[in-house]
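In the order they appear, the protein sequences are chains E and L. Per my numbering, the first sequence starts with residue 1, numbered consecutively. Per my numbering, the second sequence starts with residue 1, numbered consecutively.
Calculated from the structure, these hints are not laboratory results. Just so you know, not all the hints are guaranteed correct.
To be verified - For lysine-lysine, the following DSS-like pairs were computed, each having C-alpha atoms within a straight-line distance of at most 25 Å:
1. L:Lys41 to E:Lys20
2. E:Lys20 to E:Lys41
3. E:Lys41 to L:Lys20
To be verified - Computed Cβ-Cβ distance ranges for the label pairs, DEER-style:
4. E:Gly49 to L:Gln65: 16 to 26 Å
5. L:Leu56 to E:Thr79: 32 to 42 Å
6. E:Gln18 to L:Pro70: 29 to 39 Å
7. L:Val76 to E:Ala35: 20 to 30 Å
8. L:Ala57 to E:Gln65: 35 to 45 Å
9. E:Gln18 to L:Ser61: 32 to 42 Å
10. L:Glu53 to E:Gln65: 18 to 28 Å
Every residue, glycine too, gets a C-beta built ideally from N, C-alpha and C.
There are 2 protein chains.
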Amino acid sequence: MARVIVDVMPKPEILDPQGKAVAGALPRLGFTQFASVRQGKRFELEIEGEVTEDVLAAARSAAEQVLSNPIIEDVVAVTVAEDEK
Amino acid sequence: MARVIVDVMPKPEILDPQGKAVAGALPRLGFTQFASVRQGKRFELEIEGEVTEDVLAAARSAAEQVLSNPIIEDVVAVTVAEDEK
Numbered sequence: 001m002a003r004v005i006v007d008v009m010p011k012p013e014i015l016d017p018q019g020k021a022v023a024g025a026l027p028r029l030g031f032t033q034f035a036s037v038r039q040g041k042r043f044e045l046e047i048e049g050e051v052t053e054d055v056l057a058a059a060r061s062a063a064e065q066v067l068s069n070p071i072i073e074d075v076v077a078v079t080v081a082e083d084e085k
Numbered sequence: 001m002a003r004v005i006v007d008v009m010p011k012p013e014i015l016d017p018q019g020k021a022v023a024g025a026l027p028r029l030g031f032t033q034f035a036s037v038r039q040g041k042r043f044e045l046e047i048e049g050e051v052t053e054d055v056l057a058a059a060r061s062a063a064e065q066v067l068s069n070p071i072i073e074d075v076v077a078v079t080v081a082e083d084e085k
């Protein structure tokens with residue numbers, strides 16, 4: 001079973017309250033190394049059979065049309081998972 | 001500014017209603033290539049300066065302690081972003 005990974009992040013100019021909350025919590029817990037945090041989404045799409053160019057193109061379309069909100073989010077990566085189980 | 005990426009996914013044995021909802025929506029929109037979908041989280045931690053082994057170790061600890069809920073989620077990857085802006 002092959003997998004395509006789609007990464008979606010809030011656009012840089014969009015406020016990211018979840019990321020802000022995490023960034024605020026980290027120093028209180030002793031993690032002072034991190035200047036800022038942004039939180040996005042990661043999707044794993046399972047594919048039966050080969051990941052062909054057609055499947056990848058469909059994944060890219062699905063990423064833009066279904067998995068992300070193009071007004072506030074960017075699709076930052078659509079990749080084939082290396083470990084094919 | 002360097003970035004460390006943390007990927008968190010629901011454990012395989014945990015129900016993932018968000019992923020199920022996406023998997024249900026895709027075929028209705030013409031995307032029939034995907035057998036199943038799981039939705040997780042992606043964090044981008046910004047670091048001022050170099051990503052040393054210490055920073056990566058801190059990111060791994062933060063991923064386990066703050067960014068994921070170890071009862072229902074797995075930290076699947078902690079990586080340094082290639083494009084350092």
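* Can you give the numbers of the hints that this structure goes against, from lowest to highest? -> 4, 5, 6, 9, 10
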